[in-house]
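Enquirer: Hey, can you work out the whole structure from these sequences and the hints?
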Amino acid sequence: MSPSPEFHIAPYDPARHLEGCTEALRSAFSHNHWPAWQCASPRMASDFTALLASISDLNFVIEDKATGAARGQVFCMAPAAKGQLARGFWPFAKLGGQFFTGLYLPRMTAIRHLLGIGRGYAGLFKDHPSNDPHFEVVLFAIHESMQGKGWGRRLMDAAVEKFSERGAEKAILMTDSTMSWQFYERYGYKRILTSPMGGAYKVAMDSDHEDAYIYEVDVKEACERIAHTRAARGE
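In this note's numbering, the protein residues as written are 226 to 460.
Calculated directly from the structure, the hints in this document are not laboratory data.
As the structure is a prediction and not an experimental result, all values here were calculated from the model.
From the three backbone atoms N, C-alpha and C, an ideal C-beta is built for every residue, glycine too.
Careful: at least some of the hints might be erroneous.
With a cut-off of at most 20 Å between alpha-carbon atoms, the simulated SDA-like pairs for lysine to any residue come out as follows [unchecked claim]:
#1 Lys290 - Leu276
#2 Lys395 - Lys445
#3 Lys387 - Ile336
#4 Lys427 - Ala347
#5 Lys319 - Thr292
#6 Lys290 - Gln372
#7 Lys374 - Ile336
#8 Lys415 - Arg450
#9 Lys427 - Pro239
#10 Lys374 - Trp406
#11 Lys387 - His233
#12 Lys374 - Arg450
#13 Lys290 - Pro239
#14 Lys427 - Gln372
#15 Lys415 - Cys448
Between beta-carbon pairs, the in silico distance windows are [said to hold, decoys possible]:
#16 Pro267 - Asp238: 32 to 40 Å
#17 Lys319 - Ala456: 46 to 54 Å
#18 Arg411 - Glu390: 30 to 38 Å
#19 Ser255 - Thr454: 41 to 49 Å
Expert: Following this line, the structure appears as structure tokens:
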């Protein structure tokens with residue numbers, strides 16, 4: 226399906242796009258992270274989105290041309306070095322402190338869910354290649370109303386082409402078996418690590434057998450596919 230001409234890919238602007246990006250986050254992950262959205266203050270989702278944008282330095286959105294609202298986003302570190310990842314620790318620690326001290330009015334369902342997710346991803350972070358400079362997709366979220374229309378691929382294309390301009394050979398991302406990992410494989414990402422998550426999604430999905438993944442894509446090969454696709458479309 227061809228993307229609608231009413232939208233385009235644009236650089237992220239927090240003044241225009243934060244609200245829409247927050248809604249895209251809530252929509253894209255409503256099936257597996259609903260306790261965080263429904264059992265705590267709405268401010269938490271907004272602060273989390275703003276945090277991910279702030280620690281990233283290459284951010285694009287699907288923008289409604291008429292209203293300027295965002296309907297999806299990709300936030301990336303390009304490149305992500307050890308020092309940059311370390312700088313992101315304190316904002317995350319502050320967000321966690323605000324959550325557990327009650328600023329976001331979390332109910333026990335939200336607390337149990339987020340503690341489970343933290344434990345579930347611990348193994349993946351332990352084996353993450355964060356000590357080496359690399360290019361990383363931090364957040365990729367498409368509002369449900371925009372899914373299946375070609376915008377996810379175009380959003381990822383924008384990030385990958387910028388990766389190439391900055392000299393990247395590979396890019397990586399983290400995801401898990403409750404998310405759209407099939408999209409990444411269709412795009413050209415290859416799974417390089419699997420880590421069992423135990424009961425990370427017990428609260429949200431009554432599941433105790435999910436896995437977390439790290440994926441990697443060859444940037445040069447991806448750019449060649451992008452060029453081939455555009456040529457086939459006559460662009």
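Enquirer: Give a verdict on every hint.
Expert: Each hint, compared with the structure:
The hinted pair formed by Lys290 and Leu276 fails the criterion: a straight-line CA distance of about 25 Å is larger than 20 Å. For the hint pairing Lys395 with Lys445, the CA-to-CA distance comes to about 8 Å; that is within 20 Å, so the pair holds. For the given pair, Lys387 sits about 37 Å from Ile336 by alpha-carbon distance, which is inconsistent with the 20 Å threshold. Restraint check for Lys427 and Ala347: satisfied, since their Cα atoms lie roughly 16 Å apart, inside the 20 Å limit.
Annotation: proposed proximity of Lys319 to Thr292 is violated, straight-line Cα distance about 33 Å (limit 20 Å). For a cut-off of 20 Å, the pair hint linking Lys290 to Gln372 stands: about 18 Å separates their Cα positions. As the CA atoms of Lys374 and Ile336 are separated by approximately 35 Å, the hinted pair breaks the 20 Å bound. With a C-alpha separation of about 15 Å, the suggested pair Lys415 and Arg450 falls inside the 20 Å cut-off, and the hint holds.
Restraint check: the Cα-Cα separation between Lys427 and Pro239 comes to about 34 Å, which exceeds 20 Å; the hinted pair is violated. For the proposed pair Lys374 and Trp406, the alpha carbon gap of about 17 Å is at most 20 Å, so the pair holds. For a cut-off of 20 Å, the pair hint linking Lys387 to His233 stands: about 16 Å separates their Cα positions. For the given pair, Lys374 sits about 18 Å from Arg450 by alpha-carbon distance, which is consistent with the 20 Å threshold.
For the hint linking Lys290 to Pro239, the alpha-carbon distance of about 16 Å falls within 20 Å, and the restraint holds. This hinted pair does not check out: Lys427 and Gln372 have alpha carbons roughly 26 Å apart, beyond 20 Å. Between Lys415 and Cys448 the alpha-carbon distance is near 15 Å, which keeps this suggested pair within the 20 Å criterion. For the hinted restraint 32 to 40 Å between Pro267 and Asp238, the CB-CB distance of approximately 21 Å leaves it violated.
Range check, Lys319 to Ala456: about 47 Å between beta-carbon atoms, so the 46 to 54 Å window is met. Separation of Arg411 from Glu390 is about 24 Å and departs from the stated range, judged on CB atoms against 30 to 38 Å. At roughly 30 Å, the beta carbons of Ser255 and Thr454 sit outside the given window of 41 to 49 Å.
Hints 1, 3, 5, 7, 9, 14, 16, 18 and 19 from the list above are not met by this structure, while the remaining hints are.
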